[in-house]
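Q: Put chain B on the given structure of chain A with help from the hints.
What follows is each chain in one-letter form.
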Amino acid sequence: MPKTVNVNVHHVTRIEGHGNIVVNATNGKVEKVQWQVPEAPRFFEAMVRGRSYQDIQTVVSRICGICSITHSLTATKAVENAMGIEMSEQTDKVRILMHYSEQLQSHVLHVGYLVAPDLFGFPSVVPLAAKAPDVVKAVIRLHRLGNEWSDLLAGRTTHPVTLVPGGLTKVPTAQQLIELRGRLEACVPDLVAVAQAVLSVAGSIPAFTRETEYISLRQDSPPAYTFYHGEIASTDCDGTVAVNDWKTVTNEYVSDQSTAKWTKWHRDSYAVGALARFNNNGQHLLPLAKDVAKMFGLQKGCCNPFMNSVAQLAEAVHVVEASKILIDELLTKGLKEEKVRVSPKAGKGSGCVEAPRGILFHEYEFDRRGNCVGADICIPTGQNHANIQKDFEKFVPEILSEGEDAVRLKLEMLVRAYDPCVSCSTHMLNVQFVR
Amino acid sequence: MKNPVVVLGLGNPLMADEGIGVYLIERLTKLAPEYPNVDFVDAGTGGLSVLHVIEGRRKAIVIDCAFMDEEPGVIRRFTPHDVRSAKVLAHQSLHEADLLHILNLAKQLDQAPEQVVIFGIQPEQVVPSTGLSAALLTRMNTYLSQILCELHA
Chain A
1 MPKTVNVNVH
11 HVTRIEGHGN
21 IVVNATNGKV
31 EKVQWQVPEA
41 PRFFEAMVRG
51 RSYQDIQTVV
61 SRICGICSIT
71 HSLTATKAVE
81 NAMGIEMSEQ
91 TDKVRILMHY
101 SEQLQSHVLH
111 VGYLVAPDLF
121 GFPSVVPLAA
131 KAPDVVKAVI
141 RLHRLGNEWS
151 DLLAGRTTHP
161 VTLVPGGLTK
171 VPTAQQLIEL
181 RGRLEACVPD
191 LVAVAQAVLS
201 VAGSIPAFTR
211 ETEYISLRQD
221 SPPAYTFYHG
231 EIASTDCDGT
241 VAVNDWKTVT
251 NEYVSDQSTA
261 KWTKWHRDSY
271 AVGALARFNN
281 NGQHLLPLAK
291 DVAKMFGLQK
301 GCCNPFMNSV
311 AQLAEAVHVV
321 EASKILIDEL
331 LTKGLKEEKV
341 RVSPKAGKGS
351 GCVEAPRGIL
361 FHEYEFDRRG
371 NCVGADICIP
381 TGQNHANIQK
391 DFEKFVPEIL
401 SEGEDAVRLK
411 LEMLVRAYDP
421 CVSCSTHMLN
431 VQFVR
Chain B
1001 MKNPVVVLGL
1011 GNPLMADEGI
1021 GVYLIERLTK
1031 LAPEYPNVDF
1041 VDAGTGGLSV
1051 LHVIEGRRKA
1061 IVIDCAFMDE
1071 EPGVIRRFTP
1081 HDVRSAKVLA
1091 HQSLHEADLL
1101 HILNLAKQLD
1111 QAPEQVVIFG
1121 IQPEQVVPST
1131 GLSAALLTRM
1141 NTYLSQILCE
1151 LHA
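These protein sequences, in sequence, are chains A and B.
In case it helps, this note's numbering puts the first sequence at residues 1 to 435.
In case it helps, this note's numbering puts the second sequence at residues 1001 to 1153.
Next up, chain B with everything else stripped away, as it sits in the complex:
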């Protein structure tokens, strides 16, 4: 049975800061017993699978690496209405995905949650590597407390 709220971590932990969503979900999952009405999901790079994870929820909180023209390590909370995608999709393969495009499709299909909140974290580096760069690693606790605040909101 799905909980009314879902927190999704997106990204690839083998591409350094690109995996921030997954690293944060690992930490959040350890706190899951304190949040019985919340599901924490490592959605990796599953693309459109996000559609099914958010379907039927009241609220979806998405954590993802994001180019936002900010300093590395900056976290910003926003909704899909606050931004437009600067990503050019080649439409060549299923292996490219744009969260905003997926959310738009969910809306079109009438299966979007009432509320979607995105936490974007500006990367310092996106390169083949395990582990996060210092700019993000030193802010992990800040990220966690901001996301937990959202759960208490």
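The following block holds chain A by itself, in its conformation from the complex:
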């Protein structure tokens, strides 16, 4: 056993606050294990105050380029909830279809771009693309499909423009949906190929487990694998909590080791994300998605956080299958332009949607003219921080004997498995001229 293990994965920069991993152990005794998150304060909440209810979803879409549709949808739902605005069935279905496009692109990219290099033993996707071009190209094709699907329904790939309180500014044509359905049908072999490729290296997925509370949306009426409707559910209790009461679930608190707030409900921590959704709703996955879960031996009750990536693969298949059904329903009913008429009024309401990386809450309060007077946003990664810390505390003693490099890699893999959203507000270049 190595006498001393010191891991300090330090990624703090002034603007792009990634999490730091700190482990100190001497003579096999763990002295310090910390997941430190220097996340930026929630300045977006301040930015929407004073703005019209019509502009909120546009501003919050810039919180994150990967989950921009989810943020916009959550904000729109919260505004509609605050003002008592009802949705048409068509709007509801098109929005869910739009949301599925983001799930597909985020999940395939996370598994293909960040997780697969670990499992295949490469430092990043670039060398993986050289060694296994077919797999990477399948991932990129699926990501492109997700992008173009978002373009069609959200008006563009990121930062959607078609969503407005009360409806949509643009409805797809029947022909566009028929073409999309054809492309969804055609992408299934790529999905299966990516799943098979990951399965071929699944032996590299660490066999770590820790009893965990998993929280996600759950839809009981009608029962369905939900990302959009339903109430808040936990694997630790039977009932559900209404979306407007989300703060009784998150119980945010300040941790010494993070500027991001942490959360807890029935235990010291809880997890959100694909594995949480699977553990609460797995029985409602569509058949092909169930087959993918079965390929990897993923079963409800799984408490291995590394299996979150497998749950994402199953969900990627599920959203494609579910979208084909949604398109058929929309085509059967016939698509029509719907006028959006909303009269602003004072009110307070919350919205909740499952982002690819877990349950997301937005809450807004408006004055009688529809101007925002208060905002609160609780992102999924913030809800996972305490759980990552608890995983570290159990995992490190189990792997300490493997040495410093292995501890570092496995802890990085664990963080990646949560698909965190720790820095999404800036992406600027930082270059040195070489000629």
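Hints listed in this document are in silico derivations from the structure and should not be mistaken for laboratory results.
The structure presented is a predicted model; accordingly, all values stated were derived computationally and were not measured.
Honestly, I wouldn't trust all of these hints.
[What the hints assert, rightly or not] Lysine to aspartate or glutamate pairs mimicking EDC-like chemistry, simulated, CA-CA at most 20 Å apart: (1) K1107(B) - D134(A); (2) K1002(B) - E148(A); (3) K300(A) - D220(A).
A: Okay, now just chain B, sitting in the frame of chain A:
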């Protein structure tokens, strides 16, 4: 149908000068009718989505905020071969992105345009705020004419 040339504006307009690419694309989009063979795209902070926007193009012109060790407001035109990234990627999440890394991947996948030109603009401040700082705001017309020159090249 994609046009052979694409101009992409990257960045976040809620982070002050970091959003310069998006602010410039807004202005350029108004001139789009004069450039029928060019697509102008607000790519925001979409990360790898850039791969698909540039695929199949002859030329991609990217406008982005860039730390280049220059005075605030300075614009520099360069190609990916002229620079190396000084950015350390944590590989923790999809939410970090490095344009040069994405361009490298595009090349690896054989889907990079023949020509990639980057206009980097040195920020004065990157903080939570809407709007640009004076050093950039007063140079908007200079930036636009330089980018339009590139379109006529």
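Q: Please go over all the hints and tell whether each is borne out by the structure.
A: Going through the hints against the structure:
1. K1107(B) - D134(A): holds (15 Å)
2. K1002(B) - E148(A): Holds, at roughly 12 Å.
3. K300(A) - D220(A): Holds, at roughly 17 Å.
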